Each structure stands twice: as C-alpha cells, then as structure tokens.
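Peer 1: Chain residues, written in single-letter form:
6 protein chains.
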Amino acid sequence: MRILVMNPNTTASMTASIRAIAEASASPGTEILATEPLWGPESIEGHFEGYLSAAAVLDRLTTIDVPFDALVMAGFGEPGREGAQEVLDGPVLDIAECAAQMAMLLGHSYGVVTTLDRAVPQIEDRLRTAGLLQRCASVRATGLGVLELEEDPEVTVKAVIATARRLIEEDRAEVICLGCGGMAGLQEKVSAALGVPVVDGVAAAVKFAEACHELGLSTSKVRSFAGPRPKTIGSWPLSTHLRDAR
Amino acid sequence: MRILVMNPNTTASMTASIRAIAEASASPGTEILATEPLWGPESIEGHFEGYLSAAAVLDRLTTIDVPFDALVMAGFGEPGREGAQEVLDGPVLDIAECAAQMAMLLGHSYGVVTTLDRAVPQIEDRLRTAGLLQRCASVRATGLGVLELEEDPEVTVKAVIATARRLIEEDRAEVICLGCGGMAGLQEKVSAALGVPVVDGVAAAVKFAEACHELGLSTSKVRSFAGPRPKTIGSWPLSTHLRDAR
Amino acid sequence: MRILVMNPNTTASMTASIRAIAEASASPGTEILATEPLWGPESIEGHFEGYLSAAAVLDRLTTIDVPFDALVMAGFGEPGREGAQEVLDGPVLDIAECAAQMAMLLGHSYGVVTTLDRAVPQIEDRLRTAGLLQRCASVRATGLGVLELEEDPEVTVKAVIATARRLIEEDRAEVICLGCGGMAGLQEKVSAALGVPVVDGVAAAVKFAEACHELGLSTSKVRSFAGPRPKTIGSWPLSTHLRDAR
Amino acid sequence: MRILVMNPNTTASMTASIRAIAEASASPGTEILATEPLWGPESIEGHFEGYLSAAAVLDRLTTIDVPFDALVMAGFGEPGREGAQEVLDGPVLDIAECAAQMAMLLGHSYGVVTTLDRAVPQIEDRLRTAGLLQRCASVRATGLGVLELEEDPEVTVKAVIATARRLIEEDRAEVICLGCGGMAGLQEKVSAALGVPVVDGVAAAVKFAEACHELGLSTSKVRSFAGPRPKTIGSWPLSTHLRDAR
Amino acid sequence: MRILVMNPNTTASMTASIRAIAEASASPGTEILATEPLWGPESIEGHFEGYLSAAAVLDRLTTIDVPFDALVMAGFGEPGREGAQEVLDGPVLDIAECAAQMAMLLGHSYGVVTTLDRAVPQIEDRLRTAGLLQRCASVRATGLGVLELEEDPEVTVKAVIATARRLIEEDRAEVICLGCGGMAGLQEKVSAALGVPVVDGVAAAVKFAEACHELGLSTSKVRSFAGPRPKTIGSWPLSTHLRDAR
Amino acid sequence: MRILVMNPNTTASMTASIRAIAEASASPGTEILATEPLWGPESIEGHFEGYLSAAAVLDRLTTIDVPFDALVMAGFGEPGREGAQEVLDGPVLDIAECAAQMAMLLGHSYGVVTTLDRAVPQIEDRLRTAGLLQRCASVRATGLGVLELEEDPEVTVKAVIATARRLIEEDRAEVICLGCGGMAGLQEKVSAALGVPVVDGVAAAVKFAEACHELGLSTSKVRSFAGPRPKTIGSWPLSTHLRDAR
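Keeping their order, the protein sequence lines are chains L, Y, Z, G, P and D.
Under our numbering, the first residue of the first sequence carries the number 4, and numbering increases by one thereafter.
Under our numbering, the first residue of the second sequence carries the number 4, and numbering increases by one thereafter.
Under our numbering, the first residue of the third sequence carries the number 4, and numbering increases by one thereafter.
Under our numbering, the first residue of the fourth sequence carries the number 4, and numbering increases by one thereafter.
Under our numbering, the first residue of the fifth sequence carries the number 4, and numbering increases by one thereafter.
Under our numbering, the first residue of the sixth sequence carries the number 4, and numbering increases by one thereafter.
Keep in mind that a hint or two might mislead.
Stated by the list, open to error - If you want a taste of the chain L side facing chain P, the calculated C-beta under 10 Å gives, among others:
id	residue
1	His111
2	Ser112
3	Gln137
4	Arg175
5	Glu177
Unchecked claim - 20 Å max Cα-Cα, derived SDA-like pairs, lysine to any residue:
id	chain 1	residue 1	chain 2	residue 2
6	D	Lys224	P	Leu119
7	Z	Lys224	Y	Ser194
8	G	Lys161	G	Gly198
9	P	Lys234	D	Thr14
10	Z	Lys224	Y	Ala195
11	L	Lys224	D	Arg169
12	Y	Lys224	Z	Arg169
13	Z	Lys234	G	Leu150
14	L	Lys234	Y	Glu151
15	L	Lys224	D	Asp174
16	L	Lys234	Y	Glu154
17	G	Lys192	P	Gly219
18	D	Lys234	P	Leu41
19	D	Lys224	L	Ser141
20	P	Lys224	G	Arg169
21	G	Lys192	P	Glu217
Keep in mind that the hints were calculated from the coordinates and are not lab data.
Please read all numbers here as calculations on a predicted model, not as lab measurements.
We put the CB at the ideal spot given by N, CA and C, even for glycine.
All chains should be built: construct the whole structure from the sequences, respecting the hints.
Peer 2: Here it is as structure tokens:
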C-alpha cells in the first residue's frame, strides 16, 4: 500500500524526520510518501497556526498526483483530520489519536509529552473530542518549541525524558506518548531511560493505516464524513490560485 | 463599540441576514460591521468546508481596515474561534457557544435545530469541547441545507418549527437554539408557535460581546490564546497572494 | 430596564457593595434595585445558611412593590435560583453561573477564588449542576469568611491575589472568577496584579440580565420552571407572619 | 435508636403514610418519630416549594424536644439534606439517594417513578450532585401530583405500574425506585406486577440510618458539613417568631 | 439471617479477621459464616490473582452446604460480584462498593486507603464501573502488601493513618474507606487519630446485607443478573474435580 | 510473529471460526495459534461464565508449550485481559476494545451488535472501563445466543443485519462492530447490506497485535500490569491438578 504522511507545517527538515520514522515503522510492501503543504506556517504552536495548517493540508491534498491508500495527519493535536476524512476514500489517521489508542493497548493510563505549555489544553481537547481522554493521566510540556526540538538533540532528549519522568512519577502514567511529530525517533532513548513503552504517533498511525488497509476498511461515508456536497468554493484549490505557492 | 460579525461562508445574502439580526440585537451605540471571507465555500455543511472557512476567516481578519472591539464568529458549530482569539485583542464570540450559554440561563435544558443531519455530530462536538453539552437535550436536523434555508421561507419556518417541536416533546428541551446563521430572524415565529424561548446565536453573541466590552473584559492571553509566536507563514495572508480573491 | 439585585444575606453593607458594582456595571437606562431578605443569616458560609437564605429570598420577593424585569441572585454558589425562576416572569441570573459563563468566553479554563474552604465543594456542586464544571480548573479558598472580607481591605486583596495566583500557576486557570458577592470591586486590582481577566459575578449577571431583556428572552415555563401549582402554603409569605421581620 | 423521619410538606396524612412505612421497615429497637414542618407547602412539586420546605424542615428541627439519632429526609429529590447534616450530629439520610443506593446493590441500573414530569429534571439533578446518576436508566413521571397520589389508590397503583413498566421495557431498568414519599406502601404490588425489586426510599433510608448507627458512624464534620459558624440569623428559628405557626 | 462472608484469598488468618469484624458489625439475629475458597491465591494484589479468586469464589459457592441469605464479597476492588449475583438468589454485597456507598452517606467526598500502589487503578476502575467514582477524592496506597498488613500491627496502623491523613489534607476527603479486607478492625484507631468517619467495607457490607434482607429485597433477575443459561461447563465445579483441593 | 488467539469458551467449532478469521486477517509472516481453555463453559453469556472463563484462560496460558509474541482474547466484553497482561511479556489484545478502537478510526460513532440482551450492559461496562464508551452510539442484541449463532447461518446474518440497521438508523452509528467472536466472517455481508464499515474484533485485534509487535511495543510493567508478586496459589495451575481436564 501507499501511505501519504502529511507534515502539517512547511518545514522540510521536519517532513524528513517524519518520513524517516514512518519508513522505519512501515511494513515491507508499504510505500511512504511524506510531504507538507505548499503554504502555511513553518511550525504549529497554537490554534491560529493549526487552523491555517488544516486548510493548507486540505489544499495540498488536491495537488497530490499519485494515488494513495491512506493519509497520516502528522500534527499532534492539530485540527483537520475530519476534513480529510470527507474528501478522501481511504482512511485518515491522526497521530495524536493513534498514539493515545496504541498507548491504551499497553497500559492503564498514558501521559503525553508535548512542546509548549500552551499546547496542553489543545491536545486535551483533541483527545476529549476523540473520546480518548479518560485514560490520559496527564499532558505535560517540555517548554521547547516545535522548531527548537531540532536545535540541540541532547537538550531535547533530556527535556523529554525529564517531562516523561514527571508523567510517570507524579501523574502515574504507565505509557508515554511523544506529543509532537518533531519528537520522532526519540522513543527508544526515552523508553530505555524510563523503562516504559513510548509511543510515537507517526509510527502508530502508520501501523493503524496498514491495519485498516489490510482489513479492507475505510472511513464511513454515511453521515459525518460523507463527501462534501457540490458547491462553489472561491479560489479553491488555493495553491492553484496563489502567485507564489511552492 | 464596534462589533465585526463574520459570516464564515462567502454568500453575501447570508451576510445580509446575519447583519440584519445583529443590528436588530445591538444596543444603541453599537455599530455592526458584517462581512465574509474573500475566498472559500459558499456554505458550510461539513468539516472540510468548516476548516477552509476557519482559515478564510483568519485571512479575512488581516484585511479589515477599521478597528473593532469584538468579533462574532457566525458559523454554528464551525471551527475557528480559538484561532481568532489568539490574533485579536478583543473578545471573540462563537454563535453556537453563545446560543447554548444564553439558553442555559433560561431553561433546564436546550435543544438545537440545525440544517443537515451530518451537522449534528459536529455541533455536539463543538458543545462538548466548550463544556456546554451536559444541558443539551438534543440536536436535530431539519434536513434543509444551509443555502436551501433561504429558498422558501415558508417551508423553512415549518421545518424549523417541526424539528423544534420534536426537541421539546421528545427530548424535553425547554429552550430552542437556532443552529445556523441562516435561521436568523425566525426566533419570533418559532417562539410564538411553540411557547418556549428561542435563542438566535448571532443575537446572543452580539449581546455577550457588548457585555464583555462594557465590563472591560477580553480574552486571556496567559496561555491558550496568547498571540502566535513570531514565525514564517508562507503565502500569508492568503488573500494578498491570491490572484483572484474578491 | 430595572434589575433587582438580591443580596442573600441580611448585611446591609454587603448589599451596598453589591449595589455599587451592579450600578457600575449597568448600562445607562438600567436601574438597579438592591436589597436583601427581611430575615435570615447575616452571611452564608454553608448549606444550612444557604437553604435559609433561599427561602428568605423567595419570601423577600413577595414584598417587592415595584415591578422589575430581572433578578440577580448575588450569592455565589448559594441555592435558590430555580425557585425564583418559577415564581417570576423575568429572567433570574445566578452570579456563580454567570461568572463561570463569562469566564468561559475569555479563556480555556477558569478558576474561582472563594472565601472559606468549606465553600469549595458547594461551589463545585453548583457548577456541576449548571453544567459548567468541565472548564473549571479549580476552586480555591482564601480562608477569609464572608464578613471578614470587609474588615481589612488590604488583607483581603492580598489574600485574593495570592489565591488567584495559585489558580493560575498551579491549576492553569486562564481567567479568575471572584467567588463571593463580598469580593465585589476587586477585579481591577486582581487583574492588574496577575495579568488575567477577572470576572465579578454580579457584574456578569447584570450584563446577562440586560442581554436577555434586550432580546426579549425570559425563563422557559414549559417544564422545570413553570409557575408553582396552586396550593396551600402555611404562614406564607413568612415575613407577613413574622412578628419581628425588618 | 430513634429515627426522626421528616415529611417535608405539611400534609399530616402523608406524614402518616411515611410513618407507616418507616415503622414497617424499622428493626425492633428502632423507634420512629415522624413529623412535618410547622409551616410551608402542603406538597412539593417544584423548586420554589422545595426551597421553602428545606428551610421549614431546618426550622422544625429546632423545635424537636426529644433526642434522636438520625434524620430521614423524606422528600424525593427535595433539597435540604446538606443543611441538616451541618446542624445535626447524627447522620442524615435522603430518601432519593438511599433509594438509588439500595437499587444499585440489586441491579445494573435503576429507574425512578415520580409524580409530575416537571420533577424529572429536579430528581436527575439531585442524583447527579450525589454522584449516583450513572446507573440511573431513566426517571419517568406518572403525571399524578403529590396529593393526587392519595385520591384514588387504584388509579395510583395502575399509573405507577405502567410507568415502571416503561422504565423496564424501554429504558432497561432492572430495579424500580418509587420516587415520592407518597408512593410509600406500593412496592409490593409493583414488584409483584413486574417481577423486579422495587425500592421505597423511606424504607431504604431507615435501614441505612440503622446501619450507620450500628456502626457508630455519622456525618464528617471536617469540611462540608461542619457545624455552622456562629452568627446572627434574623427571626430564627422562624417558628418561634411566627404568629400563626402550627 | 445468615450471611456468608467470603474472603477471596485462601489465608485462613485473614478469614478470621474478616469474620471478627463481620460478627462485630452484625445485628443480633444475624449469623456470620466466613470462609475462603478451596484453591487459589493466598492474597490478591493484582488482576491475575483477582480473576483466579473470582473463579475460586464461584467454585466455593457450589460447596456451601448450608443455606444463606446473602453473600458478602470481601475483596476490596476484586472482581466476581456480578457472577455471584447470577448464581445466587440472595443479594451479593461487594465491600468496595459498600464502603464507598456508606461513605457517601457521611461526607461530600471519600478517600480510599489501600495496600499496594498497583491496586489503585484497579479500585478506581471498580468504583467507576459501579458508578461511585464521582465522589471519590482519591485512592492512595500504604505500600504494604496484603499479607504484610498482619505482620506488624503498629507499622500497619501508622501507615494507614499517614495515608489517610494525605487523603484528608491533600485530596480533601471527608471520609476514609479502608481499602482492604485485611485492614479490618483499624477503623477506630484511624478515626480517633484523624477525626473523620472511617468505613470498613466488611462492616458496611454486612449492614447493607441486613438492610436488603429486612426489606425483602434481592438481586433483580430480569436482565444482567439472571441465572446462567443451562450449558455444559467442563470440570465444574472445579473443586470436585481437583485432586488436591482443600 | 506468532499470535495466540484464545477462544474463551471450550467449543472447538468456535475456535475454528475464530482461527479462520484470524488467519484471514493476519499478515504473511504472522502465524496464528488458536486454542481454547481446558475446562470451563462451552459459551459465555453472562458474568458467571465470564469469570470462569477468565480463570480458565489464565490456566490455559500456563500450558502453552510454544512461545508466542502476543495474545488475542477473543471474548467480546469478557473479562480477563488485565490478568493476561500481568503474566505475559507480550501485548494482550481484547477483541471488544480493539473493535471499538478500530471503529473509532473510521467514523464519528460506532454501534455494537451482540448476542443476548443481557450482554449489553456487560459490554457497555467493558467499554466504559476501557475509556471507549463516549463514541459508542449503542449496543444492541440480536437475541441469538452464542452457540445459536452457528445453527442457522441465514437466520444469523439476517438478525445481525437487522440489528445493525437499527444501530445506524435509530442510534446513528456510522460503523458497526460485531460483538461476538462467533460472528466472525459476517463483516462482508453486513457491510454490503448496509453500506458501512463493519469491524470484526478478532481481525482488529490481530492487526493491533501485529502493530505493537512491529513497533517493538508491549505492556507496561511499571504499575498496573507488573508481573504478579511471588506467592502461594493453591492448586495452580488448575489443569495440572484436575483429574479430567482435556
């Protein structure tokens, strides 16, 4: 199968990290295409940027030339998954929801390590909407911004471990979810340091995409995620109307 | 004060209806500016369109020349309010949340009349995220699409009344919320027919905007809705980069 | 319009404070009448006193000579609002519910500063019944009793600020609600000290009363808050039967 | 031990019914005192009456000459229990909470049969505050008012059975709670007709009062239900100030 | 009446402790039979052991020669109660649920002191399933294993008091539940030390069993707890097939 | 990898059905071992049988000679998963939880078709404990017992389709979960008849087991699911002590 993995921000180096972990997680026979929108924020650290990225992702989807079987939305806690579910035939997996779901297979409760403190309520809301909040012990922030994660890998892994430790020791989490596409690749170090399973949402989403595909299952179209009704959408797709989109 | 009322879709006739009820609801001394995005869907009946409109609204906000004190987001159940809260200094009022809140001042439980059945879960999710779902008796659909509401006013009012009646008689709602900006103006007829208070979200939002303004209160900037961090956003604002935006 | 603001306790100086903030919050054209019951506790710091005050308020309502358009119940977390909704035609606004609702327009979560620790569960229960608890970060007590609030204003404002600070820093509240009619007037100092919106319930309730009135909306009478059925009530109204009521 | 059973309304014939079932349920060695307030509504069918009765009950408690070990509050869904808990040393049992608790020992879910439809949300709120709502399948009304229950016993039992049948067949309740002190004595007939356990709240409360007493347990005084702080309460106790109290 | 009290583990000394408190709690006229399974774990400190004990208890029930009117399941948070409800005619009382219920009659919230930290989520889940979690302030562990409780009574009572103190001071519990059949008999000391009611689940369950019996109430058989359908069960009852069962 | 799929009942023909769907769902390279306990009930249709099967499954695990990487517990809503998680190193997947989780990837809400009505609350409780109940539209029963499912395949598929149709049309489910291991293989027919995705729990669990394995993730051992503490367990493993186990 072919999975399209969508980095919601425009930072190519993050797309590369996301691609790397997606490929490392994929089964033989699964091809990973990773990309990012043609416009929009370089990182997403709030609602404003999140809503921009949601539209940018939906716009990018209109420009994908090759068929794909599933889409992984690689923004942790970022909006947009439901919109993609309407326009696509194949399943759409959100990395926050998949991380939580996988964690729930592995422990009584899970904790999420995220970037900035302001992201905490946003992630909680996404988990609440998805009906996955009950077994969330806590969401805690490292204090590092999304793009800062890539600056000093040693600082980053230390901060992630320290935050994860608080989730385990203070909030009694039994599993850790890495709450940012940019934390991809850290799960082994964090797991080794703390002795708990660590779930990367991109990896989990890739596996769940494969699972759906192998069972021949995709998004229900009977109600919430039926295709959009035919209508006029001004300047759509945006990228074909932008003078300067990449 | 000046309130900007944002129709999330591009249909000018709907902006006019929304403007009319906003003006009818406003206090003397409150000036209403009503507008719509420069691009995007002509109506919003699903998540895809909703996410597009959220970005289109945020984009439109960058092009407003006049200062305004508050923003009313006039899409019932549509996303975007949190993004506007980050970029603006003044309060942002969402008509679904304001309708629910006002209804909760008037009865033990409220019911929402919306357009299409597919909108029901979307509205429920918005109310759940906002922490306002507990007293929602039910959300029911007339089956009429957003733009169809304007086609035959008699058909529309009949459908709204019939749906509201079921909310009262079967779901025990004590207050009705009109769940679509396009139902503006129907509250008196529905209320007269059914003998219950009927809340229009645009009207409620205008009053709540005035309330915040008169008390000198606005969005908290300490965490969730702090202004976005400085960063690169490609092709932003979109409308200045679009060849053909209105 | 005319709003009756009811101090649930018999302490006239508190009625005066409540009147002051109600008047400061009211729109031009809104007349504020503030009063208190003719009997009952001088302050309310528990359920026993709360239930007494509920009846005392309902009794006082029978003795109001002038028509009024709305009632503000100015006891934070105190019972009685539903009883008033049954006997009155105009809307009844409870200051705890209005504070929470207004706060929910301004931030992702809100915290409540109250008087004594024993009031904390009572306020939580009122918010839970009202369906407003989900976005309550926490309720914390200053440790000062209701009447003690007026003793040393400097001590009071310090205690309120310290408690609010804990709500923000430890419980992540983004908005503060002043949880006692006796804290009226402190919102500016607290807001200035902590940099977050501070909502006074009396002010919020006055604005919401104006909002309902301006939209021609009042309590639904179809079920929960229909007028009481005709029946014998011994010694009612109490004040006309009391030898020594004020 | 001696249990005081308090009919919250002033109707002596209802006190008699309540006394009868309390006595029938009591253990040998348990003495039942049953009484009602000295003023207040003859029946309670709404919040207004409920709040009056809460104060009337608290007032009546001040006039009880004999010591008693526990208090049963015999209004189903009526307020006041927490106030009594503050002023008394012995435990206070609320018949709605005790009915629900006993039912939860006997089946996966329970249904409540009450009097008027307007009582339904009030009972739900009481169960929600008490943390007992999760296993409540439903609350349904016979449509008979509190005092009407005594008019035609055959009509009453038929109505109760019919309503209970709907709770079982449509709402899947496995146990029935009789939701009004005035339904006392019907449990055998209803149980025989429908083949499910039927719990009378007065009976359950009497047994729970005995249980607490026998284990030497009473209300915690450390926080919520500590005795009221010393203060001035005008015209209190009311009955000693009323010209015409019974 | 005769109550069978079932220690879920095979340790006779614990059965003795449980018997002692059951007898001390029982009314005159109530005979206590206490026993334990014929096989299974000597203590239960996790799910594995819990599931074994559930089957061992159900097996033991098939070998009880004497009739009994009610069963008390004396494992705090341990599974099995619903299985016994299906096979027995008389009521089945679970000590965790009964402790919580009794505590809820005595205070706004309750805290549970248990043995090992790993038991905490298990107890929370049991309370959640039972619909009793809302008023649980917290569950905390002493760190002492089930059989360690009996090693050094002084160490045990100190640990229980220290843990209970944290429940009261940090989690604001108003009532303490002793969360292990092996803590039987400590309630007086803990209560004396901390000034709050302390509920022993065995004692509460005995009283609730008496309550049900005296009211002629037992498990509903209409749905969840109907007797098992006739079917083949290999090697059942196990004890009659075991070579070496006690 | 090798997955052990455990039929919780002793009926070999059901093991065969379960094996068939497990094998049809498995990836190349995944070997399926399917088995059932050595004793216990031939079908599970209630709590009594469920608890017996939980112990029988745990017992059977002690007799598995070959290593395996993951365990699928193939009883829908049946207990035991947490016990297996304690004793095994590899992940343990419960078919009810996996069905719900997979369904939540595909639609806003899901409905469960189960066997007997008495199973409905049991399944709801399992989903509630697992934190997966929020998006469950409903659980409905065909009325066919577990072993009856195999009697007349045409009757069975008709009943399942009819029940699923009610879930979709009345309860607004967007995805159907087949709520019994014995319904294995029906998903295509039901899906074709109703036009919605249909999830078989065995298939979902096999895929999730593969997903965990491929990511190197297994059960957290830090708290809830740590291995059992060393202790004496009488007659354990049961099967080695039974005279007549298969």
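Peer 1: Run every hint past the structure and note whether it holds.
Peer 2: Evaluation of the provided hints:
A distance limit of 10 Å between C-beta atoms decides the matter here; for His111(L) the minimum to chain P is near 5 Å, and the interface restraint holds. For Ser112(L), the suggested interface contact is upheld, since its CB lies about 7 Å from the closest CB of chain P, less than 10 Å. The closest approach between the C-beta of Gln137(L) and any C-beta of chain P is roughly 9 Å, which is under the 10 Å cut-off, so the hint is satisfied. A cut of 10 Å between beta carbons decides the hint on Arg175(L): the least distance to chain P is about 8 Å, and the hint holds.
Interface restraint check for Glu177(L): the shortest CB-CB distance to chain P comes to about 8 Å, inside 10 Å, so the restraint holds. For a cut-off of 20 Å, the pair hint linking Lys224(D) to Leu119(P) stands: about 15 Å separates their Cα positions. With a CA separation close to 12 Å, the supplied pair Lys224(Z) and Ser194(Y) stays within the 20 Å bound. Simply put, Lys161(G) and Gly198(G) have alpha-carbon atoms about 15 Å apart, close enough for the 20 Å limit, and the pair holds.
Between Lys234(P) and Thr14(D) the CA atoms are separated by roughly 11 Å; this keeps the pair inside 20 Å, and the hint holds. Restraint check for Lys224(Z) and Ala195(Y): satisfied, since their Cα atoms lie roughly 13 Å apart, inside the 20 Å limit. With a C-alpha separation of about 17 Å, the suggested pair Lys224(L) and Arg169(D) falls inside the 20 Å cut-off, and the hint holds. Proximity of Lys224(Y) to Arg169(Z) is assessed by CA-CA distance (about 17 Å); at most 20 Å being required, the pair is judged to hold.
At most 20 Å may separate the alpha-carbon atoms for a hinted pair to count; Lys234(Z) and Leu150(G) meet this at roughly 10 Å. The straight-line distance between the Cα atoms of Lys234(L) and Glu151(Y) is roughly 12 Å, inside the 20 Å bound, and the hint therefore holds. Using a Cα cut-off of 20 Å, the hinted pair Lys224(L) and Asp174(D) holds, with the two alpha carbons roughly 16 Å apart. Only pairs whose Cα atoms come within 20 Å are accepted, and Lys234(L) paired with Glu154(Y) is accepted, the gap being roughly 16 Å.
At roughly 13 Å between alpha-carbon atoms, Lys192(G) and Gly219(P) fall within 20 Å of each other, so this suggested pair holds. Restraint check for Lys234(D) and Leu41(P): the C-alpha separation of about 16 Å stays at or below 20 Å, so the hint holds. Restraint check for Lys224(D) and Ser141(L): the C-alpha separation of about 19 Å stays at or below 20 Å, so the hint holds. Distance hint between Lys224(P) and Arg169(G) is fulfilled; the C-alpha atoms sit about 17 Å from each other, no more than 20 Å.
Distance hint between Lys192(G) and Glu217(P) is fulfilled; the C-alpha atoms sit about 18 Å from each other, no more than 20 Å.
Against the hints set out earlier in the document, no violation occurs for any number.
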